[in-house]
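Number of protein chains: 2
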Amino acid sequence: MSERFLEDFTVGQTFGSGRLRVDAEAIKRFAAEFDPQPFHLDEQAARGTIFGGLAASGWHTTALTMRLLVESEFKPAGGVVGASFDELRWPQALRPGDELHVETEILEIKPSKSRPELGFIKVKVTTLNQAEEAIQIYIGNLVALRRSHV
Amino acid sequence: MSERFLEDFTVGQTFGSGRLRVDAEAIKRFAAEFDPQPFHLDEQAARGTIFGGLAASGWHTTALTMRLLVESEFKPAGGVVGASFDELRWPQALRPGDELHVETEILEIKPSKSRPELGFIKVKVTTLNQAEEAIQIYIGNLVALRRSHV
Numbered sequence: 666m667s668e669r670f671l672e673d674f675t676v677g678q679t680f681g682s683g684r685l686r687v688d689a690e691a692i693k694r695f696a697a698e699f700d701p702q703p704f705h706l707d708e709q710a711a712r713g714t715i716f717g718g719l720a721a722s723g724w725h726t727t728a729l730t731m732r733l734l735v736e737s738e739f740k741p742a743g744g745v746v747g748a749s750f751d752e753l754r755w756p757q758a759l760r761p762g763d764e765l766h767v768e769t770e771i772l773e774i775k776p777s778k779s780r781p782e783l784g785f786i787k788v789k790v791t792t793l794n795q796a797e798e799a800i801q802i803y804i805g806n807l808v809a810l811r812r813s814h815v
Numbered sequence: 666m667s668e669r670f671l672e673d674f675t676v677g678q679t680f681g682s683g684r685l686r687v688d689a690e691a692i693k694r695f696a697a698e699f700d701p702q703p704f705h706l707d708e709q710a711a712r713g714t715i716f717g718g719l720a721a722s723g724w725h726t727t728a729l730t731m732r733l734l735v736e737s738e739f740k741p742a743g744g745v746v747g748a749s750f751d752e753l754r755w756p757q758a759l760r761p762g763d764e765l766h767v768e769t770e771i772l773e774i775k776p777s778k779s780r781p782e783l784g785f786i787k788v789k790v791t792t793l794n795q796a797e798e799a800i801q802i803y804i805g806n807l808v809a810l811r812r813s814h815v
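As you go down the protein sequences, you meet chains W and S in turn. Quick note on the numbering used here: the first sequence kicks off at 666 and runs consecutively. Quick note on the numbering used here: the second sequence kicks off at 666 and runs consecutively.
Do not take every clue at face value.
Identical chains blur together in the list; that is why a pair holds if it fits in one copy or across any two.
Taking lysine to any residue and the SDA-like style, the derived pairs with C-alpha atoms no more than 25 Å apart in a straight line are [claimed, not checked]:
1. K693 / E773
2. K693 / K789
3. K789 / R712
4. K789 / D707
5. K693 / Q678
6. K778 / D688
7. K778 / S737
8. K787 / E690
9. K740 / R754
10. K789 / E770
11. K740 / P703
12. K789 / V746
13. K787 / T714
14. K789 / R694
15. K789 / I802
16. K778 / Q678
17. K789 / G713
18. K775 / E668
19. K787 / A689
20. K789 / R811
21. K789 / P701
22. K775 / D688
23. K778 / G747
24. K740 / P701
Read the hints as simulated data drawn from the structure, not as lab findings.
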């Protein structure tokens, strides 16, 4: 699959992704480096917390989502480059053993006013587990290259 | 420093953090696992891209920010637990050798309507480099425990 320029996207278009399984070791390893809190580090310690058991850091979920997004068929020309993100939330915790995949929906497409070679794509990115439950949703404003200026 | 309950925070309060230096190796290692794109993986390949040189993944910056936040004097009771995030943006790229620190400002405090033991704190979290330039800003809605219900 070749890269898509701004002109190749249409509003309402959706893209799926591959799947990625997350085990307890990966959850603890990420947490030890970036989010060292009991509910992300240790099953026993997690029980008495707001999560009621081991759960991945939300920032681990954003990172895993990016991996799935970069390797999906979405492929904007110039790469997946975020300008800003809104409404990032985690409706459910990512638990050990969950298998994730990502759905990307194109919400809006607009050329840049100041830079004719660029444009912006607004996307809704939903990360789902094996039960097809949303564990993360965000709205991303991504940069994309325009074909007419390559 | 002991934990702070919802009642211990006031609007306008700010918290600093320690500092964390990020080298090219750390940038590439994170990217190889979570955001394998040329501008995050290789100095040479990064030159011809929108970044004009090696830059960290934005999701690496969110993860490093969390590390600094968790270890700062902010310390909400029950941990740093995000309910949702808005207006996440990266005004400048995180470059190899940058030394980061975080500033957290309390914007809003409100008890939960449905769960008397909880409340929400809205914070503005700014991640700065050694030149005191903002490289990341977001608005976070965090969960905090209420002292009255412990």
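Checked hints:
1. In this assembly of identical chains, the alpha carbons of K693 and E773 never lie at most 25 Å apart, being 37 Å within a copy and 32 Å across copies at closest.
2. Proximity of K693 to K789 under the C-alpha cut-off of 25 Å is found in neither arrangement, the shortest distances being 28 Å within a copy and 27 Å between copies.
3. In this assembly of identical chains, K789 and R712 lie within 25 Å of each other by CA distance neither inside one copy nor across copies; the values are 33 Å within and 30 Å between.
4. With identical chains, the CA atoms of K789 and D707 are never at most 25 Å apart, being 32 Å at best within one copy and 29 Å at best between copies.
5. For a Cα distance limit of 25 Å, the shortest separation of K693 from Q678 qualifies neither inside one copy, at 36 Å, nor across copies, at 32 Å.
6. For the identical chains of this complex, K778 and D688 are neighbours neither inside a copy (45 Å) nor across copies (35 Å), given an alpha-carbon limit of 25 Å.
7. Proximity of K778 to S737 under the C-alpha cut-off of 25 Å is found in neither arrangement, the shortest distances being 29 Å within a copy and 40 Å between copies.
8. In this assembly of identical chains, K787 and E690 lie within 25 Å of each other by CA distance neither inside one copy nor across copies; the values are 34 Å within and 32 Å between.
9. Taking the shortest alpha-carbon separations for K740 and R754, both the intra-copy value of 24 Å and the inter-copy value of 21 Å come in at or below 25 Å.
10. In this assembly of identical chains, the alpha carbons of K789 and E770 lie at most 25 Å apart only when taken from the same copy (5 Å versus 28 Å across copies).
11. Proximity of K740 to P703 under the C-alpha cut-off of 25 Å is restricted to the inter-copy arrangement: shortest distance 13 Å between copies versus 37 Å within a copy.
12. Taking the shortest alpha-carbon separations for K789 and V746, both the intra-copy value of 14 Å and the inter-copy value of 23 Å come in at or below 25 Å.
13. Taking the shortest Cα distances, K787 and T714 sit within 25 Å of each other only across copies (21 Å), while inside one copy they are farther apart (36 Å).
14. In this assembly of identical chains, the alpha carbons of K789 and R694 never lie at most 25 Å apart, being 28 Å within a copy and 27 Å across copies at closest.
15. For the identical chains of this complex, K789 and I802 are neighbours both inside a copy (7 Å) and across copies (20 Å), given an alpha-carbon limit of 25 Å.
16. For the identical chains of this complex, K778 and Q678 are intra-copy neighbours only, at 24 Å inside a copy versus 38 Å across copies, given an alpha-carbon limit of 25 Å.
17. For the homomeric pair K789 and G713, neither the shortest alpha-carbon distance inside one copy (34 Å) nor that between copies (28 Å) is at most 25 Å.
18. For a Cα distance limit of 25 Å, the shortest separation of K775 from E668 inside one copy, 18 Å, qualifies, whereas the shortest one across copies, 46 Å, does not.
19. In this assembly of identical chains, K787 and A689 lie within 25 Å of each other by CA distance neither inside one copy nor across copies; the values are 33 Å within and 30 Å between.
20. With identical chains, the CA atoms of K789 and R811 are at most 25 Å apart within one copy only, with a shortest distance of 21 Å there and 34 Å across copies.
21. With identical chains, the CA atoms of K789 and P701 are at most 25 Å apart between copies only, with a shortest distance of 21 Å across copies and 29 Å within one.
22. For the identical chains of this complex, K775 and D688 are neighbours neither inside a copy (39 Å) nor across copies (35 Å), given an alpha-carbon limit of 25 Å.
23. Taking CA atoms no more than 25 Å apart as the test, K778 paired with G747 passes inside one copy only; the shortest distance there is 18 Å, against 35 Å between copies.
24. With identical chains, the CA atoms of K740 and P701 are at most 25 Å apart between copies only, with a shortest distance of 13 Å across copies and 33 Å within one.
This entry does not satisfy hints 1, 2, 3, 4, 5, 6, 7, 8, 14, 17, 19, 22, going by the numbered hints stated previously.
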